[in-house]
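A.B. asks: Just add 8 to wherever you are in the sequence shown, counting from 1, and you've got the working numbering.
Worth double-checking, as some hints may not be accurate.
As the list claims (entries may be wrong) - As a list, the in silico SDA-like pairs of lysine to any residue whose alpha-carbon atoms are at most 20 Å apart: (1) K24 - Y39; (2) K37 - L13; (3) K46 - V23; (4) K46 - C16; (5) K27 - V47; (6) K46 - L13; (7) K46 - I31; (8) K46 - S28; (9) K27 - V45; (10) K24 - K46; (11) K27 - K46; (12) K46 - G20; (13) K46 - S21; (14) K46 - G25; (15) K27 - I44; (16) K37 - V23; (17) K37 - R17; (18) K46 - R17; (19) K24 - V45; (20) K46 - A29; (21) K24 - I44; (22) K46 - D14; (23) K27 - N49; (24) K37 - C18; (25) K46 - I32; (26) K27 - D48; (27) K27 - V50; (28) K46 - D30; (29) K27 - R51; (30) K46 - S34; (31) K46 - Y33; (32) K46 - E19; (33) K27 - R17; (34) K24 - N49; (35) K37 - S21; (36) K24 - R51; (37) K37 - I54; (38) K37 - D48.
What the hints contain is simulated information worked out from the structure, not anything from laboratory work.
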Amino acid sequence: MDENLDSCRCEGSLVKGNKSADIIYSAQKNYSAEFIVKVDNVRTLIDVL
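Whenever a hint applies, use it, and build me the whole structure from the sequences.
C.D. replies: Have a look at this one:
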């Protein structure tokens with residue numbers, strides 16, 4: 009992560025057949041982060057230590 013940034017965010021999608029997953033990762037300068045996976049529009053938050 010660039011030292012001049014307060015946060016970063018990455019988004020991506022995976023598609024296989026008729027299933028899709030959206031992946032969102034965000035991190036803050038204070039090292040808190042969250043990792044979200046959405047499969048068929050059901051959101052799951054995975055805590056990142």
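A.B. asks: Each of the hints needs a verdict: does it hold here or not?
C.D. replies: Now the hints, each set against the structure:
1. K24 - Y39: Not satisfied, since the Cα-Cα distance of roughly 32 Å exceeds 20 Å.
2. K37 - L13: holds, 7 Å
3. K46 - V23: holds, 12 Å
4. K46 - C16: holds, 19 Å
5. K27 - V47: Holds - the C-alpha atoms of V47 and K27 are around 8 Å apart, at most 20 Å.
6. K46 - L13: violated, 26 Å
7. K46 - I31: Holds. K46 to I31 sits at ~6 Å (cutoff 20 Å).
8. K46 - S28: The given pair, whose Cα atoms are some 8 Å apart, holds under the 20 Å limit.
9. K27 - V45: holds, 13 Å
10. K24 - K46: The hint holds at about 14 Å.
11. K27 - K46: holds, 11 Å
12. K46 - G20: holds, 11 Å
13. K46 - S21: Roughly 9 Å between the alpha carbons, so the hint for K46 and S21 holds.
14. K46 - G25: The given pair, whose Cα atoms are some 16 Å apart, holds under the 20 Å limit.
15. K27 - I44: This hinted pair holds, its Cα atoms lying about 17 Å apart.
16. K37 - V23: violated, 31 Å
17. K37 - R17: holds, 12 Å
18. K46 - R17: Holds, at about 15 Å.
19. K24 - V45: holds, 15 Å
20. K46 - A29: Holds, at about 5 Å.
21. K24 - I44: holds, 18 Å
22. K46 - D14: Distance of about 25 Å is beyond 20 Å: violated.
23. K27 - N49: Since the Cα atoms of K27 and N49 sit roughly 10 Å apart, the hinted pair holds (cutoff 20 Å).
24. K37 - C18: Since the Cα atoms of K37 and C18 sit roughly 15 Å apart, the hinted pair holds (cutoff 20 Å).
25. K46 - I32: The given pair, whose Cα atoms are some 8 Å apart, holds under the 20 Å limit.
26. K27 - D48: Given pair K27, D48 holds - Cα atoms ~7 Å apart, limit 20 Å.
27. K27 - V50: holds, 12 Å
28. K46 - D30: holds, 5 Å
29. K27 - R51: holds, 14 Å
30. K46 - S34: holds, 14 Å
31. K46 - Y33: Holds, at roughly 11 Å.
32. K46 - E19: holds, 11 Å
33. K27 - R17: Given that 20 Å is the threshold and the Cα spacing comes to 23 Å, the pair is violated.
34. K24 - N49: holds, 15 Å
35. K37 - S21: Given that 20 Å is the threshold and the Cα spacing comes to 25 Å, the pair is violated.
36. K24 - R51: holds, 18 Å
37. K37 - I54: holds, 19 Å
38. K37 - D48: With Cα atoms ~31 Å apart, K37 and D48 exceed 20 Å; violated.
Hint check: violations occur at hints 1, 6, 16, 22, 33, 35, 38; the rest are consistent with the structure.
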